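Engineer: Sequence:
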Amino acid sequence: MNALQPVYQVMNQGVLQDFINSLLVETIIPEQFIFDFATAQTALNQHGKNLQEVFKNTSEQFSFVLLHEESRQGLVMFAVQKGITQAWKFANETEVFLLERTNDHVQINVIGIIELFEFIQAIGLFNQCSTDKVQAFYEQLQKCLKQYHLLQQHRVNAHDLLNQSSAHRFRILEQYAGYRDRPYHPLAKLKEGLSQQEYMQYCPEFAQELSIHWVAVHKDKMMFGEGVENIFKQQPSEIFIPRAERYQLKQEMFQRGLNETHIAMPIHPWQFEHLFPKFYADDIADGVCHPLNFISKGMYASASMRSLLSKNVLEESLKLPIGIKALGSLRFLPIVKMINGEKNQKLLQQAKAKDAVLKLKLWLCEETQWWSYLPEKQNDRTADNEWLFVEKPTHLAAQRRHIPAELLQEPYQLIPMACLGHTITGQSAIFDYILQLQHKDINSKQILIEFEKLCTCFFDVNLRLFRLGLMGEIHGQNICLVLKNGDFDGLMFRDHDSLRIYLPWVEQSGLKDPNYLSPHDFRNTLYHESVEALLFYIQTLGIQVNLGCIVDNLASHYQIEVKDLWSVLAHALQQVIQNLNFQPEILTQLQHLLFEVPEWPYKQLLRPLLEQDTRIGSMPSGIGKTRNPLWYALNC
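Position 379 of the sequence shown, counted from 1, bears residue number 926 in the working numbering, the numbering being contiguous throughout.
Bear in mind the hints are in silico, worked out from the structure with no lab data behind them. Note that this is a predicted model, so its numbers are computed, not measured. The C-beta atom is built at its ideal place from N, Cα and C for all residues, glycine as well. Hints are supplied without guarantee of correctness; some may be wrong.
Straight line, CA to CA, 20 Å or less: simulated DMTMM-like cross-link-like pairs of lysine to aspartate or glutamate [unchecked claim]: (1) 690 <-> 665; (2) 1172 <-> 573; (3) 939 <-> 785; (4) 766 <-> 665.
DEER-style ranges, computed between Cβ atoms [to be verified]: (5) 1139 <-> 739: 50 to 56 Å; (6) 1034 <-> 1146: 33 to 39 Å; (7) 599 <-> 652: 19 to 25 Å; (8) 665 <-> 781: 38 to 44 Å; (9) 702 <-> 679: 33 to 39 Å; (10) 1072 <-> 901: 22 to 28 Å; (11) 901 <-> 957: 42 to 48 Å; (12) 797 <-> 1080: 48 to 54 Å; (13) 989 <-> 652: 50 to 56 Å.
Could you build the full structure based on these sequences and the hints that come with them?
Structural biologist: What follows is the structure in C-alpha cells.
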C-alpha cells in the first residue's frame, strides 16, 4: 500500500463511517462478507488472536465484516450492527483493523479510509466499476482528506446565538450548516479546484469576507430575468453595493466611457482569477467585457458556497457561478435553471393561493432577478435557442435571492435545516439554542417533544404541496425552518430551480403546466410520471437525508435511542397524512408506500461516481434499495 503522510491520516471518524456505510448499503461489500461473533472468532483463531482483545468492549451482539487477501495472508475486519435506515451499519466508535501474517508473526494495525480503499480494490470488490473512475475516486478521497483536515481551523462561533441579531445569527447558522455539507456523502467536503489557501478563503466555515470583482459587460450581450423590469435601476451594483462605494464604481465606468453601454457584473474572486480570462479573452479584446479595477467587500459564503450573504443588505443574497466541482458537479449558473426557477417560483406562489395553511406557513425567496452574459439571441427563451444550453454563459451570471425581510427580524428566527444535522466539536448543538429561545429545559424528553413539532411542521407544508402535485428540493441546505417566538411556524424555500411536479395533479389542482425549458433532445427531469416518483423525494431527500441526519445527531448528542426518534417521526407523519384528508385511494397508496413496505428507494452515493458518465453540471445519481426506517420503527 502507498505510504501516506501523517496529515492525511488526521480525519473525523464520520468520514470513515460514511464511506463504510455507503459500501454496505450499495452492496459494494456484499452481505456474504458479514459474519456473526462466533464465526469471526473462528477466523481470528487461525491468526492466533482473540476477538475481544482486538475489539475492546465489543458486544457479542455485533457482527463483523471480514475481507481476506490471500496473496499476503491479510485480513481486514470491522464491526457492524443492524440498522434502521439500512440493514448493516458501521458500529459507532469502533475501528478498522488490518491483520497481516509475516512468517509466524501476526501484526495488527488500525487503518484509515485510504488503506481500506486500497485493500478493497486489491481484493477485487471494485472490479465491476470503471477503472478510470475508481482511480479518480481514490484521488478525490485523498484530496478530500487534505481539505477535511483544514476544518480544524474553522471560525464558526455558535456560542452566543441568543444574544445575536436575527440577521447575524442567520449568517452564523449558514456557516454552521456548511460544516458537514451533504450528509452521509464521504466526499461531502471535497471542493475540486481549490488550493488549500482558497479552501480556507472561500468556504463558509472559515467566515472570511470576500473581495468581489466587477466586470463591465455590454448590455446588448446579456439576458435578464423576468424580475428585471428596468435594467438601469435593477442591476447588481444597485442592490449589493452601498451608496458610497457605488459612486466609485460609477466613476470608473464613466471615466472609461462604459456607463451608457455596459452593465457592471459581479464575479466571484476564484472565478475571476481562474476561469474568466480563459472563457472571455475574445470578449475582452472585442470590448464586450471590460475588467474593472473596482472591488467590493461585504459578502460572505453561505452553506452552498456560491450563494453569498450580504453584510450590508441583510435580506439579500448573491448567487454567483464558481467553476469548481462539488459532489461531482460543476457549480456554475446556467440560464436554463434560472428560467425554470422563475416558472417554479410562480407555481409555488399559485400553490399558496390554493391552500390557506400554505399561505401562512410557506415563505418563498424572490429569485426572478438575474443577469447573464449571452452573446446571441438574447430575447429567445425557447428550446430553439442553442445558446441557452452551452457552457460559456454559465460562467458569467448573477442571481439575486431576496429573503422576506420580516424573517430576519423579531419575533422570527430563520434556521437552515442543515445546521441541525451535526454538532461541531466544542460548539453548542443548535437544538440547545431552539430550547433556549423557548425558555425550556434541555433534556431528552423535551428534545423528543420539539423534534415531533419540527417533523409536523416539515411534513404539513411539504405534503400540502405534494397534494397539489408539487415537491421541492427538500434537503437541509435548501429549506429553512421559520420559528416565531421560538416555535416552529413554517418553512422558507429557496433555490426554486429543482421543484418537481406530477402534472396530472398539478392540473387537477387548477394550476398550469409550467412548460419547463430543456433542450429538444433531453428528457426534463422536473416532470414526474407517477405519484411514487414524486413521493421518492420525501422518502430520500426529505426523510433519509434531511430528517435522518437530524435523528442521528440528536441521538448521539442527547443520548436518545435512535428508534425512539424514528418512532416520533413516523407518528408525526401519520398524523399529518390523516389531517390532510387525502382521497381514500391516495391515502391507501401513501400508507402502503410510506409505512407498509419494509424497503424504500435509496439515492446511491458511491456507485454513480464509480460507474456512471454524467453531464457537465449534473450530480451523479443512481437509485438502489434500503430499509424503510418507518416500517422498522413501527414494527420491530
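Engineer: Hint by hint, say whether it matches the structure.
Structural biologist: Hint-by-hint comparison with the structure:
| no. | hint | verdict |
| --- | --- | --- |
| 1 | 690 <-> 665 | holds (15 Å) |
| 2 | 1172 <-> 573 | holds (8 Å) |
| 3 | 939 <-> 785 | violated (25 Å) |
| 4 | 766 <-> 665 | violated (53 Å) |
| 5 | 1139 <-> 739: 50 to 56 Å | violated (42 Å) |
| 6 | 1034 <-> 1146: 33 to 39 Å | holds (36 Å) |
| 7 | 599 <-> 652: 19 to 25 Å | holds (21 Å) |
| 8 | 665 <-> 781: 38 to 44 Å | violated (55 Å) |
| 9 | 702 <-> 679: 33 to 39 Å | holds (38 Å) |
| 10 | 1072 <-> 901: 22 to 28 Å | holds (25 Å) |
| 11 | 901 <-> 957: 42 to 48 Å | violated (30 Å) |
| 12 | 797 <-> 1080: 48 to 54 Å | holds (50 Å) |
| 13 | 989 <-> 652: 50 to 56 Å | holds (52 Å) |
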